[in-house]
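Those letters in the sequence shown? Residues -18 to 232, by the working numbering.
In case anyone wonders, no lab produced these hints; they're calculated from the structure.
Misleading hints may appear alongside valid ones.
Listed next, the in silico EDC-like pairs over lysine to aspartate or glutamate satisfying Cα-Cα at most 16 Å (straight line) [what the hints assert, rightly or not]:
| # | residue 1 | residue 2 |
| --- | --- | --- |
| 1 | Lys66 | Asp160 |
| 2 | Lys111 | Asp123 |
| 3 | Lys178 | Asp28 |
Derived CB-CB ranges, DEER-like [claimed, not checked]:
| # | residue 1 | residue 2 | range |
| --- | --- | --- | --- |
| 4 | Lys69 | Met7 | 18 to 24 Å |
| 5 | Ser158 | Met127 | 18 to 24 Å |
| 6 | Phe86 | Glu26 | 37 to 43 Å |
| 7 | Glu31 | Thr2 | 39 to 45 Å |
| 8 | Lys178 | Glu(-4) | 50 to 56 Å |
The C-beta atom is built at its ideal place from N, Cα and C for all residues, glycine as well.
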Amino acid sequence: MRIAAGKPAGFTLLEVIISLTITAVMLVIIFGAMRVGVRAWEKGEQDLDERLRNRVVLDMMKRQLASIAFREQKEEGKNRFLSVKGDKTSLRFISNVALLTSNEFGVVFVRYIVGDDTESNGKQIEIIEKNLVFIDPEDDPDKFGMDDRLTILSGISDVSFNYLKRGEEGDEEWQDSWDPDTEKGFPAAFKVEITAKEDQAPLVTIARAEAATSEEKAGSSEKPERADTAKSNIENKSSSGRLGGTKSRFR
-18 MRIAAGKPAG FTLLEVIISL TITAVMLVII FGAMRVGVRA WEKGEQDLDE
32 RLRNRVVLDM MKRQLASIAF REQKEEGKNR FLSVKGDKTS LRFISNVALL
82 TSNEFGVVFV RYIVGDDTES NGKQIEIIEK NLVFIDPEDD PDKFGMDDRL
132 TILSGISDVS FNYLKRGEEG DEEWQDSWDP DTEKGFPAAF KVEITAKEDQ
182 APLVTIARAE AATSEEKAGS SEKPERADTA KSNIENKSSS GRLGGTKSRF
232 R
């Protein structure tokens, strides 16, 4: 480009347009990359929060399941609230540990229910929890407290419960249900499996319930023992003829 004598050098209109276009394209690419990075960061944070939330709920359920209160029942006047019953989507039992702050003392009746989450089109875990002393033994435990359900976990893909049956020869087998009318005693352990999203690996927790055998109870004059894992470290003292319990540590 020739510059006329006495005139300052400058850019032509075409050169200005080309430079502005290149600058705009570079800015679009830079901000686009930053936006993708921010979205990936936010998604990672969200997934981490969800997995942490799911793990906390699983740990709470494990602690409550590991502290199941075992009570011997007589055939006459049998209290169905004292038995363990469950399938893939529902589980009821009595425990020495309460998750709700309204049940701070004593043994509580607990029922977990897998329901539909209308907001996320997924599943949610609902809980029914009531102090055992306020329950009429004549009520139906399968229908009790359905209007008082509380959601403890929502927005998940799937939830399932499994029950470990211990055979007479010491062999163990996981099964999808536990019916007190056909099964003897209580499950040796409970497995809770939560799938947050279909493309993610499920979170699994196993709560082992260690109960005294029938022979040990028959040969002992002590009060009925409760199941408790060594990890939970929860003490339970029952006075004769009365169900006792421990104060919940969940606040």
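Consistency of the hints with the structure:
Between Lys66 and Asp160, the direct Cα distance comes to roughly 5 Å. Compliance with the 16 Å bound is thereby established for this hinted pair. The straight-line distance between the Cα atoms of Lys111 and Asp123 is roughly 14 Å, inside the 16 Å bound, and the hint therefore holds. With a C-alpha separation of about 10 Å, the suggested pair Lys178 and Asp28 falls inside the 16 Å cut-off, and the hint holds. The given range of 18 to 24 Å is broken by Lys69 and Met7, whose C-beta atoms sit roughly 56 Å from each other.
Roughly 20 Å separates the CB atoms of Ser158 and Met127, a value that falls within the hinted 18 to 24 Å. Phe86 and Glu26 have their C-beta atoms about 39 Å apart, which keeps the hinted 37 to 43 Å range intact. The given range of 39 to 45 Å is respected by Glu31 and Thr2, whose C-beta atoms sit roughly 43 Å from each other. At about 52 Å, the CB distance of Lys178 to Glu(-4) agrees with the hint of 50 to 56 Å.
In the structure shown, a violation is registered for the earlier hint numbered 4 alone.
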